[in-house]
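Protein chains: 2
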Amino acid sequence: MATLKDVAAECNLTVTTVSRVLNNRGYISKETRAKVEAAMKKLNYRPNEVARSLSKKSTNTIGVIVPHIRHPYFAEMISNVENAASKKGYKIILCNSRGKDEMERKYLEMCSSNRVAGVILFSGGVAVEDFVGSNIPIVTVERFLESGTAGIECDNKEGGELATRYLIENGCKTLLHISGVTGNAMPADDRAKSFVSVCEECGVKYYTASSEVEVYENQDYHDFLTKVLTEHQDVDGIFASSDLIAAQLIQVLTKMGKSIPKDVKIVGFDDVSIASLTTPGITTIHQPIKEMATAAVDVLVAASEGKTVAKRTLLPVSLVKRETA
Amino acid sequence: MATLKDVAAECNLTVTTVSRVLNNRGYISKETRAKVEAAMKKLNYRPNEVARSLSKKSTNTIGVIVPHIRHPYFAEMISNVENAASKKGYKIILCNSRGKDEMERKYLEMCSSNRVAGVILFSGGVAVEDFVGSNIPIVTVERFLESGTAGIECDNKEGGELATRYLIENGCKTLLHISGVTGNAMPADDRAKSFVSVCEECGVKYYTASSEVEVYENQDYHDFLTKVLTEHQDVDGIFASSDLIAAQLIQVLTKMGKSIPKDVKIVGFDDVSIASLTTPGITTIHQPIKEMATAAVDVLVAASEGKTVAKRTLLPVSLVKRETA
Numbered sequence: 001m002a003t004l005k006d007v008a009a010e011c012n013l014t015v016t017t018v019s020r021v022l023n024n025r026g027y028i029s030k031e032t033r034a035k036v037e038a039a040m041k042k043l044n045y046r047p048n049e050v051a052r053s054l055s056k057k058s059t060n061t062i063g064v065i066v067p068h069i070r071h072p073y074f075a076e077m078i079s080n081v082e083n084a085a086s087k088k089g090y091k092i093i094l095c096n097s098r099g100k101d102e103m104e105r106k107y108l109e110m111c112s113s114n115r116v117a118g119v120i121l122f123s124g125g126v127a128v129e130d131f132v133g134s135n136i137p138i139v140t141v142e143r144f145l146e147s148g149t150a151g152i153e154c155d156n157k158e159g160g161e162l163a164t165r166y167l168i169e170n171g172c173k174t175l176l177h178i179s180g181v182t183g184n185a186m187p188a189d190d191r192a193k194s195f196v197s198v199c200e201e202c203g204v205k206y207y208t209a210s211s212e213v214e215v216y217e218n219q220d221y222h223d224f225l226t227k228v229l230t231e232h233q234d235v236d237g238i239f240a241s242s243d244l245i246a247a248q249l250i251q252v253l254t255k256m257g258k259s260i261p262k263d264v265k266i267v268g269f270d271d272v273s274i275a276s277l278t279t280p281g282i283t284t285i286h287q288p289i290k291e292m293a294t295a296a297v298d299v300l301v302a303a304s305e306g307k308t309v310a311k312r313t314l315l316p317v318s319l320v321k322r323e324t325a
Numbered sequence: 001m002a003t004l005k006d007v008a009a010e011c012n013l014t015v016t017t018v019s020r021v022l023n024n025r026g027y028i029s030k031e032t033r034a035k036v037e038a039a040m041k042k043l044n045y046r047p048n049e050v051a052r053s054l055s056k057k058s059t060n061t062i063g064v065i066v067p068h069i070r071h072p073y074f075a076e077m078i079s080n081v082e083n084a085a086s087k088k089g090y091k092i093i094l095c096n097s098r099g100k101d102e103m104e105r106k107y108l109e110m111c112s113s114n115r116v117a118g119v120i121l122f123s124g125g126v127a128v129e130d131f132v133g134s135n136i137p138i139v140t141v142e143r144f145l146e147s148g149t150a151g152i153e154c155d156n157k158e159g160g161e162l163a164t165r166y167l168i169e170n171g172c173k174t175l176l177h178i179s180g181v182t183g184n185a186m187p188a189d190d191r192a193k194s195f196v197s198v199c200e201e202c203g204v205k206y207y208t209a210s211s212e213v214e215v216y217e218n219q220d221y222h223d224f225l226t227k228v229l230t231e232h233q234d235v236d237g238i239f240a241s242s243d244l245i246a247a248q249l250i251q252v253l254t255k256m257g258k259s260i261p262k263d264v265k266i267v268g269f270d271d272v273s274i275a276s277l278t279t280p281g282i283t284t285i286h287q288p289i290k291e292m293a294t295a296a297v298d299v300l301v302a303a304s305e306g307k308t309v310a311k312r313t314l315l316p317v318s319l320v321k322r323e324t325a
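One line per chain: the protein sequences are A and B, in this order. Taking the working numbering, the leading residue of the first sequence gets 1, the next gets one more, and so forth. Taking the working numbering, the leading residue of the second sequence gets 1, the next gets one more, and so forth.
Please keep in mind that the hints were generated in silico from the structure rather than gathered at the bench. Be careful, since some hints might not be right.
Claimed, not checked - Listed below are the simulated DSS-like cross-link pairs for lysine-lysine, each with C-alpha atoms no more than 30 Å apart in a straight line:
hint: 1; chain 1: A; residue 1: K258; chain 2: A; residue 2: K88
hint: 2; chain 1: A; residue 1: K106; chain 2: B; residue 2: K290
hint: 3; chain 1: A; residue 1: K106; chain 2: B; residue 2: K42
hint: 4; chain 1: B; residue 1: K157; chain 2: A; residue 2: K262
hint: 5; chain 1: B; residue 1: K157; chain 2: B; residue 2: K35
hint: 6; chain 1: B; residue 1: K307; chain 2: A; residue 2: K5
hint: 7; chain 1: B; residue 1: K42; chain 2: A; residue 2: K321
hint: 8; chain 1: A; residue 1: K100; chain 2: B; residue 2: K311
hint: 9; chain 1: B; residue 1: K41; chain 2: A; residue 2: K311
hint: 10; chain 1: B; residue 1: K255; chain 2: A; residue 2: K173
hint: 11; chain 1: A; residue 1: K255; chain 2: B; residue 2: K173
hint: 12; chain 1: A; residue 1: K88; chain 2: A; residue 2: K262
hint: 13; chain 1: B; residue 1: K106; chain 2: A; residue 2: K290
hint: 14; chain 1: B; residue 1: K262; chain 2: B; residue 2: K88
hint: 15; chain 1: B; residue 1: K255; chain 2: A; residue 2: K258
hint: 16; chain 1: A; residue 1: K290; chain 2: A; residue 2: K88
hint: 17; chain 1: A; residue 1: K258; chain 2: A; residue 2: K307
hint: 18; chain 1: B; residue 1: K321; chain 2: A; residue 2: K255
hint: 19; chain 1: A; residue 1: K255; chain 2: B; residue 2: K157
hint: 20; chain 1: B; residue 1: K311; chain 2: A; residue 2: K41
hint: 21; chain 1: A; residue 1: K106; chain 2: B; residue 2: K173
hint: 22; chain 1: A; residue 1: K311; chain 2: B; residue 2: K42
hint: 23; chain 1: B; residue 1: K42; chain 2: A; residue 2: K100
Predicted, not measured: the structure shown is a model, and the values here were computed from it.
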C-alpha cells in the first residue's frame, strides 16, 4: 500500500505539501493539486483511516449488536441503521450475539477496543452490567438497559391495543396472544399487557402463550403453535407478537383445516417483508423501523459528540390491514 | 478512556511491565499479573486495537459489500459470514451498495482506507474496474470479476437442471422461467441457460421472462408477475430464480384463482427462510449458503496472509421438496 511519502517522492514535493493537498489546508496552486492527485491515482494511494483515527479519541464507526441477523425484523433494522449511518459518514461493524450473554460481552469489549463512536444494542434477553463503565455511548432499541445512554422504542402498548381491538371489532369471540420469548423484561412485553387489559375491558374470553427461548432462537414455532392451537380449539382471533410467528400460524392453521380469515383471524406485529409475502398477506402492527433506526444513529452520534440526548424516544405504531384479519 | 500509562500509574509499575503483562511477554510474577489485572479492571482499560492495527499492515476486519441487506438471501449470507469471521477472530464492516455503482466504489475506497484484511463482494450488477489496483484481496460470491482474487459460486447450472427436470417429471407440459435481473452477466444466468437446454432436450414448450432492475431493487414483483402470467395462461410449471419471486408467485397465482401445486407447480432457488414460511412451503434448490460464506472467509483470510488460493470455488446444490411442486 502506497504511503504519503511515496506520493511525495512520485511528484517531487514534500510530505507537508502533499498532506496539505489531502487535508485542504492552506494555499495550494491548481498545478500542484493536479500533480499530487495524479500521483495518488497512479500509486493507488488511500489515506490511512487507521492512522487518522488514532489521533482522534474515537473512529467514525458504530458497533451494531443484534441477537439474529437473518431474522427479518433485525435484517430490516440493520439495513436502515447502515443507511442512516452511511449518510452521516459512519460505517458499521455488525455483530451477531446469537442472544448469548458471553457473546454480547465479547462484542462490547471488541467495540470498545476498536474505539467505536458508540454501540447500538438491539433487543435481546441479556442484562449486561459491564456496560456501565464502558465510557462509550450505548443506545438500545426495544430493550431496557438502566445504564445505557438512551433507549429507542416503538409504542408497544398502543400496538397491543390496536391489534386486540381490531380482532374484537371484527367479531372474534375467543382471543389468543402468542409472544416470542418469556423471561427477561422487555419493552415488547407491553404488547401482551395491552392484550390482556383490552380483553378484560371488553369482557372477551382470552388465552396467552409464550414460547421457550430455544424456539425463539431457532425461529421455528411450528411444534409450539400446533400444541397451543390443539389445546385451544375454540380460538377465532390471534394476536401474534411478530410477523414471523404469524406466518407460521397461517401454515399450522391451514394444516389443521382452518381457513384464514374465515375461521381464525390473525394480527401480527412488526410489518417486515414477510408480512407482505405470505398468502394471505398478514394484517399487522407497523413498527416505524426506518424512523427507529435513524433515531438510534442520530442519538448515538449526538451523544458521542458530548451533546445531551433524550433518555427515551418512543415512536408511534399503526395498523396495516392486509388479508389475515 | 484509560490508557496504558494510567494503568501503570494505578499499580505503581512501569508501562513496560504493564505492556508485558498485556502481551504475555517475558517472565511476570503471579502477584504482578494480579495487580495489573486489578488496575485494568478498576480503570476499565481496553487495549487500543486502532493503535495495534497501525503497526500491522492491515486490521482483522473484513469489508462485506452486499446490494441489499434485507433481501433474505443476503441477510442469511451476512449472518453466516459474520459467524465464520467471528470464529477466526475477524470482525465485519457491513456495507449496503443498494446495487449502485458509485456506492460500491465509495465503499471499496472506504474499506481500503480502513486497511481491511480484504473485501467480500456479493452479487450485484456492477463491473468495477477500479478494483484492480486496490492491493487488498477481493473475494466475490455469485459474481464474475476478472480482476478479483477469488470467486465463490454455487452450481447454478446443476440447480437449473434439477429444478427443470423435477417440474417435467411431475407432469408439467408448459414451463416458464422467471429470473430476477437482466443486463449484467452473472453466474446465476446459468440457471436460465440450464432451463432452456433441458426444455429443448425434453421437447417441452417453454417461456422465459426477466424483470427490470427497478423491480429487483424494490423486491416487489407483483405487477411484473401478474403481467407475465396473464400473457401465458397455459403455464403449468414455473422455475423461479429466487424464493422471493416464488413467494410472490404463490400470491399472484392464488389471486388469479389457480391452486398450487394442483394447477401450477413452482420450484424456487436459494432455500432461504422465506421458502419454509409460505403456505404452501416452497420446493426449491438449496444453495449451500453456510459453506459458501465459510469458503469466502477462509479464502479471504488465506489470501490476506499471502497464501495461494483457489481462483474459483464451486459448491454443490440440491433439491429440497416442500409443497409447491
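Q. Are the Cα atoms of B/K307 and A/K5 separated by 30 Å or less?
A. At roughly 28 Å apart (the allowed maximum being 30 Å), A/K5 and B/K307 satisfy the hint.
Q | Restraint check for A/K106 with B/K290, where alpha carbons must lie at most 30 Å apart | A | holds (23 Å)
Q: For the pair supplied as a hint, B/K106 and A/K290, confirm whether the alpha-carbon distance does not exceed 30 Å.
A: holds (23 Å)
Q. Are the Cα positions of B/K311 and A/K41 separated by 30 Å at most?
A. holds (27 Å)
**Q.** Given hint A/K311 paired with B/K41 - CA-CA distance at most 30 Å
**A.** Answer holds: B/K41 to A/K311 is near 27 Å, not above 30 Å.
Q) Does B/K42 lie within 30 Å of A/K106 when you go C-alpha to C-alpha? A) holds (18 Å)
Q | Restraint check for B/K255 with A/K173, where alpha carbons must lie at most 30 Å apart | A | At roughly 29 Å apart (the allowed maximum being 30 Å), A/K173 and B/K255 satisfy the hint.
Q | Given pair status - B/K311, A/K100, alpha carbons within 30 Å | A | Violated, at about 36 Å.
Q. Under the criterion that the straight-line Cα-Cα distance not exceed 30 Å, is the pair B/K262, B/K88 satisfied?
A. Measuring from Cα to Cα gives roughly 48 Å; hence the hint is violated.
Q | Holds or violated: A/K311 to B/K42, with C-alpha atoms at most 30 Å apart | A | holds (27 Å)
(Q) B/K321 and A/K255 were given as a pair; does the straight-line alpha-carbon distance stay at or below 30 Å? (A) Distance ~17 Å between B/K321 and A/K255 Cα, so the pair holds.
Q: Mind checking the alpha carbons of A/K255 and B/K157 for me, to see if they're no more than 30 Å apart?
A: It is violated: about 35 Å lies between the C-alpha atoms, which goes past 30 Å.
The structure fails hints 1, 4, 5, 7, 8, 12, 14, 17, 19 and 21 (numbered hints given earlier, in ascending order).
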